[in-house]
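Chemist: Top line first, the protein sequences correspond to chains A and B.
Counting along the first sequence from 1, when you hit position 30 you're at 30 in this note's numbering, and nothing is skipped either side.
Counting along the second sequence from 1, when you hit position 177 you're at 177 in this note's numbering, and nothing is skipped either side.
Be aware that one or more of the hints could be misleading.
Stated by the list, open to error - Here are the simulated distance ranges between beta carbons:
no.: 1; chain 1: A; residue 1: Ala156; chain 2: B; residue 2: Glu188; range: 25 to 31 angstroms
no.: 2; chain 1: B; residue 1: Asp175; chain 2: A; residue 2: Leu49; range: 36 to 42 angstroms
no.: 3; chain 1: B; residue 1: Arg40; chain 2: A; residue 2: Arg113; range: 53 to 59 angstroms
no.: 4; chain 1: A; residue 1: Leu184; chain 2: B; residue 2: Glu31; range: 52 to 58 angstroms
no.: 5; chain 1: B; residue 1: Leu49; chain 2: A; residue 2: Leu124; range: 29 to 35 angstroms
no.: 6; chain 1: B; residue 1: Lys185; chain 2: A; residue 2: Gln204; range: 17 to 23 angstroms
no.: 7; chain 1: A; residue 1: Glu188; chain 2: B; residue 2: Pro7; range: 50 to 56 angstroms
no.: 8; chain 1: B; residue 1: Gly80; chain 2: A; residue 2: Leu59; range: 41 to 47 angstroms
no.: 9; chain 1: A; residue 1: Gly150; chain 2: B; residue 2: Asp175; range: 29 to 35 angstroms
no.: 10; chain 1: B; residue 1: His114; chain 2: A; residue 2: Arg128; range: 25 to 31 angstroms
The hints are simulated quantities; they were obtained by calculation from the structure and are not laboratory data.
Predicted model only: the values in this text are computed from it and were never measured.
Glycine residues also receive a C-beta, built at the ideal position from the N, C-alpha and C atoms.
Protein chains: 2
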Amino acid sequence: VFGDFRPKLSEDSRAAEMVFLGNIQPDLQREVRAQCEAARFVALDSMNLWIETTKDALLKAIAEVHCLVLNDAELRMLTGEANLARAAGAAMDLGPGVVVAKRGEYGAALFHRHGVFAIPGYLLEDVRDPTGAGDSFAGGFLGYLDGAGGGDPDDATLRRAMAYGSVLASFNVEDFGTERVAGLKPDEIEERYEAFRRLSHFDQAALPSESA
Amino acid sequence: VFGDFRPKLSEDSRAAEMVFLGNIQPDLQREVRAQCEAARFVALDSMNLWIETTKDALLKAIAEVHCLVLNDAELRMLTGEANLARAAGAAMDLGPGVVVAKRGEYGAALFHRHGVFAIPGYLLEDVRDPTGAGDSFAGGFLGYLDGAGGGDPDDATLRRAMAYGSVLASFNVEDFGTERVAGLKPDEIEERYEAFRRLSHFDQAALPSESA
Numbered sequence: 001v002f003g004d005f006r007p008k009l010s011e012d013s014r015a016a017e018m019v020f021l022g023n024i025q026p027d028l029q030r031e032v033r034a035q036c037e038a039a040r041f042v043a044l045d046s047m048n049l050w051i052e053t054t055k056d057a058l059l060k061a062i063a064e065v066h067c068l069v070l071n072d073a074e075l076r077m078l079t080g081e082a083n084l085a086r087a088a089g090a091a092m093d094l095g096p097g098v099v100v101a102k103r104g105e106y107g108a109a110l111f112h113r114h115g116v117f118a119i120p121g122y123l124l125e126d127v128r129d130p131t132g133a134g135d136s137f138a139g140g141f142l143g144y145l146d147g148a149g150g151g152d153p154d155d156a157t158l159r160r161a162m163a164y165g166s167v168l169a170s171f172n173v174e175d176f177g178t179e180r181v182a183g184l185k186p187d188e189i190e191e192r193y194e195a196f197r198r199l200s201h202f203d204q205a206a207l208p209s210e211s212a
Numbered sequence: 001v002f003g004d005f006r007p008k009l010s011e012d013s014r015a016a017e018m019v020f021l022g023n024i025q026p027d028l029q030r031e032v033r034a035q036c037e038a039a040r041f042v043a044l045d046s047m048n049l050w051i052e053t054t055k056d057a058l059l060k061a062i063a064e065v066h067c068l069v070l071n072d073a074e075l076r077m078l079t080g081e082a083n084l085a086r087a088a089g090a091a092m093d094l095g096p097g098v099v100v101a102k103r104g105e106y107g108a109a110l111f112h113r114h115g116v117f118a119i120p121g122y123l124l125e126d127v128r129d130p131t132g133a134g135d136s137f138a139g140g141f142l143g144y145l146d147g148a149g150g151g152d153p154d155d156a157t158l159r160r161a162m163a164y165g166s167v168l169a170s171f172n173v174e175d176f177g178t179e180r181v182a183g184l185k186p187d188e189i190e191e192r193y194e195a196f197r198r199l200s201h202f203d204q205a206a207l208p209s210e211s212a
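For reference, chain A alone in the conformation it holds in the complex (with noise of 0.2 angstroms):
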């Protein structure tokens, strides 16, 4: 598909601080990464293709990146870890300090090295069309990161970034295409945000007094 395209960035993405290293073949994404030179955190995500026909490239793609975003059964494809918590402390090991499994319609994954968050996927009552949930989760979670400060983001941030992605990605499954998500205004982000968290949260334990 590539034939002999080398990308060659503007200068202002060569000046990004916060970089998606989107689904291509792994070796175009590392000469993008290359380009950027003040970048404070890339993510990199790809798919089944690349690691069964390009795994080399990929390994050293990986290396290169802070954060990884992969499909659940990807990340146990690259690793070989049929346990995804054992597969995300491997594929730590490749290089990146943040993993990010993506599950679908069951949610999210992240592991860090100082913590595990998962996030359950909203639970909408029409999905219309879950093409391009991943780019749209990616897109938020980069987002929030970018304006939160970039670089070095702590467990706190993190989270909050799963939060964001997954409310983007929750509206991009809404309609076909980009459409909804073009459309959003920051007041239904921040509603469904609050929703995300009413969805997934519960109280401390506050046991009962045995009784008979």
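Given the coordinates of chain A, work out where chain B should sit on it, guided by the hints.
Modeler: Leaving out everything else, chain B in the frame of chain A:
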């Protein structure tokens, strides 16, 4: 399998206020249900076999309970709704005020008249045997509801019960059979409950001020 088996409960069992109708032939579940005259909260589990072979009896059994507990795929099969939230709504229309969708390693979702809740699965590095996870979940879920007062639980109580169910299921899969759960101490349960909160909670929105 069951032949001419007719369940006959002991006096103690008949006096139970909290009843779990485990996954057996639906007419037998109804016979058990009818004998539990003191029951204030009855939950029912079932499976694809009964949906396919004795659906009418199953629908009658479901109409007589407060809570339906099914795998998400079975909930879709029962109701003919591909969307989980819609399937849960259709299941509530059959009678139960509370519907729990079990999602295997991805956790579980709760639907009732006044709320929706979803909890991810606890992320374990060592899963030895998933057998019995669903029943352990039901045990933790109903055990907590029983201790918390039994009938007509509110949203916060149901959420805690979901978390305790998930805690028990997470212990169950750590070892074969019931060994791990049988040896559990209350402190271990409380500790994992809090670990579950840490796993799945995130802070309120804190949008950064616009920067370049």
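Chemist: Look at the Cβ atoms of glycine 150(A) and aspartate 175(B) and judge whether their distance stays inside 29 to 35 angstroms.
Modeler: Given range 29 to 35 angstroms: violated, Cβ gap about 44 angstroms.
Chemist: Please test the hint of 25 to 31 angstroms on the beta carbon pair from alanine 156(A) and glutamate 188(B).
Modeler: holds (27 angstroms)
Chemist: Holds or violated: the 50 to 56 angstroms window for the beta-carbon distance between glutamate 188(A) and proline 7(B)?
Modeler: holds (52 angstroms)
Chemist: Is the distance from the Cβ of histidine 114(B) to the Cβ of arginine 128(A) consistent with 25 to 31 angstroms?
Modeler: Given range 25 to 31 angstroms: holds, Cβ gap about 27 angstroms.
Chemist: 17 to 23 angstroms was suggested as the range; check whether the CB atoms of lysine 185(B) and glutamine 204(A) agree with it.
Modeler: holds (19 angstroms)
Chemist: Note whether the CB distance of leucine 184(A) and glutamate 31(B) lies within 52 to 58 angstroms or breaks it.
Modeler: holds (54 angstroms)
Chemist: So the hint says 36 to 42 angstroms: do the beta-carbon atoms of aspartate 175(B) and leucine 49(A) match that?
Modeler: Once the Cβ atoms are compared, 38 angstroms apart, the range 36 to 42 angstroms for leucine 49(A) and aspartate 175(B) holds.
Chemist: Lying within 53 to 59 angstroms: is that true of the beta-carbon distance arginine 40(B) to arginine 113(A)?
Modeler: violated (48 angstroms)
Chemist: Is the distance from the Cβ of glycine 80(B) to the Cβ of leucine 59(A) consistent with 41 to 47 angstroms?
Modeler: holds (46 angstroms)
Chemist: Is 29 to 35 angstroms right for how far apart the beta carbons of leucine 49(B) and leucine 124(A) are?
Modeler: Holds, at about 30 angstroms.
Hints 3, 9, counting from the list given before, are not met by this structure.
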